[in-house]
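A.B. asks: Chain residues, written in single-letter form:
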Amino acid sequence: MTVTDAARESVTSGLEQDKKDGHLSVSHLNPPPSYDLADHPVPTGREEIWRFTPLKRLRGILDGEASDASLTWDTTLPDGVTLSTISQAEAREIGELAPNDRPSALAAELSGGARLIDVPAEAEITEPIFIRLHGESVDDLVWSQLVLRVGKFAKATVVLMHTGSARYSATTSVLVGDGATVNVVSLQDWDDDAVHLGRDSILVGRDAEVKHTAITFGGDVVRLNANVEYAAPGGSAELLGLYFADEGQHLEHRLFADHNQPKTKSNVLYKGALQGEKAHTVWIGNVLIRKVAEGIETYEENRNLVLTDGCQADSVPNLEIETGEIEGAGHASATARFDDEQLFYLRSRGVSEKEARRLVLHGFFNDLIRKVGVPSLEEQLTATVEDELARNVLRAGQ
Amino acid sequence: MSTLEIKDLQVSVSTDDGPKEILKGVTLTIKDNETHAIMGPNGSGKSTLAYSIAGHPKYDITGGTVTLDGEDVLAMSVDERARAGLFLAMQYPVEVPGVSVANFLRTAKTAIDGEAPKLRTWVKDVNAAMGQLNLDPTFSQRNVNEGFSGGEKKRHEIAQLELLNPKVAILDETDSGLDIDALKIVSEGVNRYREQEGKGVLLITHYTRILRYIEPDFVHVFVDGKIADQGGPELAEALEANGYDRYIKANAAPA
Ligand SMILES: Nc1ncnc2c1ncn2[C@@H]1O[C@H](COP(=O)(O)OP(=O)(O)OP(=O)(O)O)[C@@H](O)[C@H]1O
Ligand SMILES: [Mg+2]
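Chains A and B are the protein sequences, given in the same order.
The numbering of the first sequence is my numbering, which starts it at 3 and goes up by one.
The numbering of the second sequence is my numbering, which starts it at 26 and goes up by one.
If we strip away everything but chain A, and leave its shape as in the complex, we get (with noise of 0.2 Å):
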């Protein structure tokens, strides 16, 4: 067995005081953004950002060749909703969140326009606008920059569902006006050989609420970020995750909560289940709680359920607080096989052996599909999860 739950708990006080931009330290976890490519340069492999991912399975993506193939777009936009494409430099003046590595970065220089998906102010959007991005083949390498605003005391949820194959690599902007009510879902069902390296990174208004959901199945390698950071007091954020690793799969997340505004609040929770030869998670939970940042929440958690032998699930919490004052702040990360005491009780009652696995992990993921919060996506993701369950908890049975 070659589980290893690489956690480790860093506090660090003082941080180095790097005013770049006159005002914000800087986290030795996350690089600065910055649109200069010269600032992200090719990795190693041994960048603190970068240890964990297995470059060579890329596919070139960092070498950053030009391209201009896209996914196939269709859309569902209830009423209200547009969706436009606009310039990089028209992207940059309202307000989208630079790149902070060199995917997104290479992104933001190549993808040649951003779409934007605008929500007006005070709009009640009830129907998710959905977004299907479908890839035609590995050899196709894609550069995407995505920019969805949602104005002041508006509501809105977004589904972006990625399916079929490409290289992938994709910077998306989430504005969320102050008041407003937004959520957002991501979900990797790639087909096998897919890479994707995605940043979603979300600036929360004042006293605004924002969810962001990954849940990712396919692909061979995904990398995903998920960053927030706040424009003003009062903001909360939740960040849900749900994958499922299947033998070869890379399936990494890493989530950046920043709270550089005080009576922020964040609260991560990412679940996954990992079966097969060298299925390899990895989850970084990064949290800076900066000095001006007082009377904060947070709370992130990662659950890892390890099915085989052979499989691999890194969980990192990093927390870094600058100030005392803050009202909580904790995280709890743990890797498991399943419970053989659960199983016992099931199959006592009857139950197969492979229909108490079947429970078990569907229970695992059950109350992180409740949380996200679609009604009408509720039903086709636990489909997808029994789905995937079926296929590879009958595998495990064997």
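Read the hints as simulated data drawn from the structure, not as lab findings.
Beta carbons are placed, not taken as given, at the ideal position from N, Cα and C, and that holds for glycine.
Each statement offered as a hint is correct.
The calculated EDC-like cross-link candidates involving lysine to aspartate or glutamate, where the alpha carbons are at most 16 Å apart (straight line), are:
id, chain 1, residue 1, chain 2, residue 2
1, A, Lys157, A, Asp180
2, B, Lys209, B, Glu240
3, B, Lys83, A, Asp342
4, B, Lys251, B, Glu46
5, A, Lys356, B, Glu105
6, A, Lys265, A, Glu329
7, A, Lys157, A, Glu124
8, B, Lys83, A, Asp341
9, A, Lys154, A, Asp209
10, B, Lys49, B, Asp254
11, B, Lys83, A, Glu343
12, A, Lys58, A, Asp195
Using C-beta positions, here's what the derived DEER-type ranges look like:
id, chain 1, residue 1, chain 2, residue 2, range
13, B, Lys83, A, Asp194, 33 to 43 Å
14, A, Ala334, B, Ala277, 44 to 54 Å
15, A, Arg339, B, Asn58, 40 to 50 Å
16, B, Arg237, A, Glu279, 58 to 68 Å
17, B, Lys209, A, Pro235, 55 to 65 Å
18, B, Asp97, A, Glu50, 51 to 61 Å
19, B, Gln166, A, Thr78, 29 to 39 Å
20, B, Glu213, A, Glu381, 33 to 43 Å
21, B, Asp42, A, Arg339, 19 to 29 Å
22, B, Gln166, A, Arg339, 26 to 36 Å
23, A, Gly250, B, Thr135, 33 to 43 Å
Since chain A is already given, all that's left is putting chain B with the ligands on it; use the hints.
C.D. replies: Structure of chain B with the ligands alone, referenced to chain A:
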């Protein structure tokens, strides 16, 4: 008709210092319509007997046989034993996060019967069973045993007994931790079950009070992995008065 026959059962658990023998040859037959009580001091192996019959993987069977109506129970998997008609109400029921009681009960009933229960009557049956055990209908939507109080867990076990309706029920300290009202409610549930034709009960307890509600046909005294004495209901009263001292002393004396 149902006969559970345990013959010379020997069981050990593996410890850091190698295998440790816990059951040292238990022989016991539960026939149709019989209720057997097992009483014995802490650590004497009562739960080990119950778990071994149910097939818990922690216990290694090193000798003896267990048959249900002539079928070799020890050759069956845990779930096969349940489907063959064995039921164990556990001393410490297990929490299963994220799995609702309703889902669990339906899955178990489907497994035991080999077909899904008829939806309309099933929902009624579940509500009735829960109601009779004084568990309110919201329990169906809660996760299995999660956050249940000790007494609620035990009542939930007996609700399962009634719904799954096995041939032989093993109740491991179902009375422990129950207040007097709950004890009555649980006893009534067990009595409804055993009033049916051909059901067997093996009831493990420390207290005679439950035996006043569920009257046993036989009482066995369990000491150090063996049955040290047996008799009728009067034996339970004698144990209550005198404790296990004389059995423990007899057992400690060189053989
Ligand atoms: N893994 C183990 N290692 C060592 N000893 C064990 C192990 N598991 C069980 N035992 C021992 O086996 C013995 C029998 O335990 P069992 O739970 O069957 O007792 P019991 O009669 O049900 O007790 P109680 O009345 O307290 O419920 C105990 O002494 C217990 O400590
Ligand atoms: Mg016991």
